[in-house]
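Please model the entire structure based on the sequences and the hints provided.
UniProt numbering applies: residue 1 is where the sequence shown begins, and numbers increase by one.
No lab work stands behind these hints, which were simulated from the structure alone.
Computed from a predicted model, the values in this text were never measured in an experiment.
Each hint can be trusted.
Calculated lysine to aspartate or glutamate pairs in the DMTMM-like style (CA-CA distance at most 20 Å, straight line): (1) 59 to 131; (2) 225 to 266; (3) 203 to 22; (4) 133 to 52; (5) 177 to 45; (6) 225 to 273; (7) 91 to 269; (8) 106 to 259; (9) 59 to 49; (10) 123 to 98; (11) 123 to 111; (12) 171 to 45; (13) 203 to 241; (14) 91 to 179; (15) 123 to 49; (16) 203 to 179; (17) 61 to 131; (18) 133 to 269.
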Amino acid sequence: MNSPENNEDEEKLAECPANSEEAGRSSVCEGCPGQTLCRMQGGPDPDQEIIDVRMGAIKHKILILSGKGGVGKSTVAYLLSLALAKCQSSKVGVVDLDICGPSIPKLLGVENQPIIQTPYGWKPLVSPNGDIKVMSVASLLDSDKTSVIFRGPRKTDTPPGTSDEHMSIVKLLKNAKPDGAVLVTTPQEVAMATMRKELNFCKKMGVTVLGLVENMSGLVCPCCKETTEIFPGSGVASLAESYGVPVLGSIPMDPMITECCESGRDPMENYPESPTVQSMMGISNHLISLINR
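Have a look at this one:
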């Protein structure tokens, strides 16, 4: 059980400055054990100008976020990129910002391919699925057994998904004006409390929430293709209503799609009639209508 002192500490952490220029310098930072480290890391990013120029050339930018681990952010990003490439016949790229467990290169079939350094910077890899451009920290490692170890003064103190990495990325992309964020969750009630933190984080950081995606909403039978509900309840719909954001769609788990993900094959081409693929196509169309209105 949390003591009043622990609750007071959590309230202080919730007020951690969103602006990196204030990190370690704000009044709420007084007494924090990470104050000195935050102050050392504060200030404008030296690469901000080039980030603004390069990201500004991209018409639409969508963040895939979640306040909880293991909900399938990478899988949703992967399937959404395939669906968008198929629906719009547009150029689509995926930047994998998962530092500790990047899986996008494997999903998009570019695993173990080296990143090429050019006079203009790193050249993205190109997936055989939909010609999607891919950039990931996994492509910068020697092998899939190499780990990335980074420190963050607040990493173990703040709610999952709303700490240093999230704040840094949102700040760096602020001038590029991303369209907004798609928040991924699973249907269980235990995931809702964490999703509320993510929704509040987006509000605090000024990030538009385009909608919620309910992942793992059911299990598709590999024989009859009927979908069985796994997690009962209407937590996602209730959460979306209370925060005034739409539910973009629900994605069931299909073993055949999982096999495609593991092998880097395109599920849109191999199993177009899968309920998972059909749901993903509906989500992409819904998303397109939102960002184009």
